[in-house]
Amino acid sequence: MRWLPALRAIVAREGLRFIHQRERFISALVRPLVWLLVFAAGFRAALGLSITPPYQTYITYETYIVPGLCGMVLLFNGMQSSLSLVYDREMGSMRLLLTSPLPRWWLLTCKLLGSTVISICQVYAFLAIAALFGITVAPLGYLTVLPALLIAGLMLGALGLALSSFIKQLENFAGVMNFVIFPMFFLSSALYPLWKMAESSELLHDICAANRFTHAVELIRFALYSEINLPALGWTFLATAVFGAAALWGYDPARGLIRKRS
Amino acid sequence: MLRPSLLALTLGLTGPAFADEIWISNEKDDTLSVIDIETLEVVRTIDVGERPRGITFSKDYSVLYVCASDSDTVQVIDPDTGKVLHELPSGEDPEQFVLHPDNRHLYIANEDDAITTVVDTESRTVVAQIDVGIEPEGMAVSPDGKIAITTSETTNMAHWIDTEKQELFANTLVDSRPRHAEFVKDGTELWVSAEIGGTISVFDVETQTEQAKIDFEVDGVHPDRVQPVGFELTAGDTHAFVALGPSNHVAVVNAETYEVEDYILVGRRVWHMDFNADRSLLFTTNGVSGDVTVIDVAARKALKTIKVGRFPWGAAFRPTN
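As they're listed, the protein sequences go chains A and B. Reading the first sequence from the start, the letters are residues 232 to 493 in this note's numbering. Reading the second sequence from the start, the letters are residues 480 to 800 in this note's numbering.
Extracted from the complex, chain A is given alone in its bound form:
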């Protein structure tokens, strides 16, 4: 069976690439930490935010945005891996990978798992640093959040994969930043609770509520407190399936966009 060696090799390659790019690791940590320690401090609601599930009592703003920043790490890393796929394609290593005798869906799944494992490591590093600054959850929460991070990471990674099949050149990645990452992040419950959005605009609230990234963040938020948010779980699974299917279609040489470019 050559499937498992392929999985090991692709995940190990992702890991190696990540380790060799120390700047990437540091920037992946600095980004959410800047939000947590600078942005949140500036907008600090020292007087507490209203109580919404899964919280049982009043919380500080720093506590509120931690799940959103975990989502931010997953989102940026998912997109970063799509960037690396475009780079691979330009450099030719993609062709090498895709000419493997193993099914293409398996190769893409391995790639997805590899990038998700890296993302999760980054999230835990971020949570550890947040804990050093006194922003913690119950010890069990660090364990129960793992499945949520995996599902959310797969969803955002699958989105990155699907997008990478549409991006023709590395230079076009700026478009992904402007039209995918920023709207997904800012139009979600990562920074503000949905009820707060509804106070300013119902339309804004509806957009945020429909955003799949909101569901990923809420899934992580509840899991950090050892609770399951079933609607968020369902939507995240569905979105993973849709994005995964889009990626498969995009990378199918017979039908996808790859064909048009080759």
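No lab work stands behind these hints, which were simulated from the structure alone. Treat the hints loosely; a few may be bogus.
[As the list claims (entries may be wrong)] Here are the simulated DMTMM-like cross-link-like pairs (lysine to aspartate or glutamate), alpha carbons at most 25 angstroms apart as the crow flies:
no.	chain 1	residue 1	chain 2	residue 2
1	B	K562	B	D610
2	B	K786	A	E430
3	B	K625	B	D581
4	B	K780	A	E430
5	B	K783	A	E458
6	B	K562	B	D572
7	B	K507	B	D572
8	B	K562	B	D515
9	B	K786	A	E458
10	A	K427	B	D698
11	B	K786	B	D508
12	B	K507	B	D581
13	B	K692	B	E643
14	B	K664	B	D716
15	B	K562	B	D508
Put chain B on the given structure of chain A with help from the hints.
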């Protein structure tokens, strides 16, 4: 997850039918909310007189006394039925009171009249009225019952009352708008919180002189909003938990060093508080947000916030086992 009581029931263990309770006075709803300490839910709401504020149980927990401020009376309530048994003459606008260790005399602060009224709860008569400063509020009695304290909000004083003669024997200045007083460490110290002054003054009871002052500072909150009001001491009087009003925080003060060790986020305008039986849980009344926050005393963390009536003011523990 099975709750302990449910588990006991499932295993066929017979035990007491009710859990201990925390009683809350809701100033704007004219009600009391009764919180079951095990489920941390409101299990009863009881109608009382107008603007209930100070509440306290008799030493044997057989009756509850409630200052119904706008009804100008102290109501005596049967905690089992929730019925008002009778009313006591309290003087005008009773705000806070304290029950003497003899379990018979109530010392009541009459905010509008600048007097402290002493009521005999058995004969239901006023036995003394003592002139104090303007807008009396905080009340305390020493553990040996010999000294009663009234603090006056506008005069900014703690008035020391000899309970045998029912007259003042000392007055000490404190910071602006004193709200609450407690005898601590077996009655050797008197602590008085000052809402506007933002401090707690610690007095040596024997000499009535100030021996320490505790200041508070909450990160990210304007000093004007840091207003100490009610406070309670943990088992052994090692630490004090101090409600800091509109700062929405409770401070944890080391009672030996008088240093603040921690601040805990609770609901809006935290006012008074009480502990459960073993002092492992603390219940704070949050006036503006209309809820009660439950604090894990050992972990110094807020566990849960429970919705009660409008403007919860006082809290009193009642064991039912």
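Results for each hint:
1. For the suggested pair K562 (chain B) and D610 (chain B), the alpha carbons sit about 33 angstroms apart, so the restraint of at most 25 angstroms is broken.
2. At most 25 angstroms may separate the alpha-carbon atoms for a hinted pair to count; K786 (chain B) and E430 (chain A) meet this at roughly 22 angstroms.
3. Taken as a hint, the K625 (chain B) and D581 (chain B) pair is honoured in the structure, with Cα atoms around 11 angstroms apart against an allowance of 25 angstroms.
4. For the proposed pair K780 (chain B) and E430 (chain A), the alpha carbon gap of about 30 angstroms is over 25 angstroms, so the pair is violated.
5. A C-alpha spacing of about 16 angstroms is found between K783 (chain B) and E458 (chain A), which places the hinted pair at or below 25 angstroms, so the restraint holds.
6. With a CA separation close to 22 angstroms, the supplied pair K562 (chain B) and D572 (chain B) stays within the 25 angstroms bound.
7. With a C-alpha separation of about 15 angstroms, the suggested pairing of K507 (chain B) with D572 (chain B) holds against the 25 angstroms cut-off.
8. Between K562 (chain B) and D515 (chain B) the alpha-carbon distance is near 19 angstroms, which keeps this suggested pair within the 25 angstroms criterion.
9. Restraint check for K786 (chain B) and E458 (chain A): satisfied, since their Cα atoms lie roughly 22 angstroms apart, inside the 25 angstroms limit.
10. Restraint check: the Cα-Cα separation between K427 (chain A) and D698 (chain B) comes to about 24 angstroms, which is no more than 25 angstroms; the hinted pair holds.
11. Of the pairs offered as hints, the one joining K786 (chain B) and D508 (chain B) holds, with about 13 angstroms between alpha carbons and a cut-off of 25 angstroms not exceeded.
12. A threshold of 25 angstroms between alpha carbons decides the hint, and for K507 (chain B) with D581 (chain B) the separation of about 32 angstroms lies outside it, so the pair is violated.
13. Using a Cα cut-off of 25 angstroms, the hinted pair K692 (chain B) and E643 (chain B) is violated, with the two alpha carbons roughly 30 angstroms apart.
14. A C-alpha spacing of about 6 angstroms is found between K664 (chain B) and D716 (chain B), which places the hinted pair at or below 25 angstroms, so the restraint holds.
15. A distance of roughly 17 angstroms separates the Cα atoms of K562 (chain B) and D508 (chain B); the hinted pair therefore holds under the 25 angstroms criterion.
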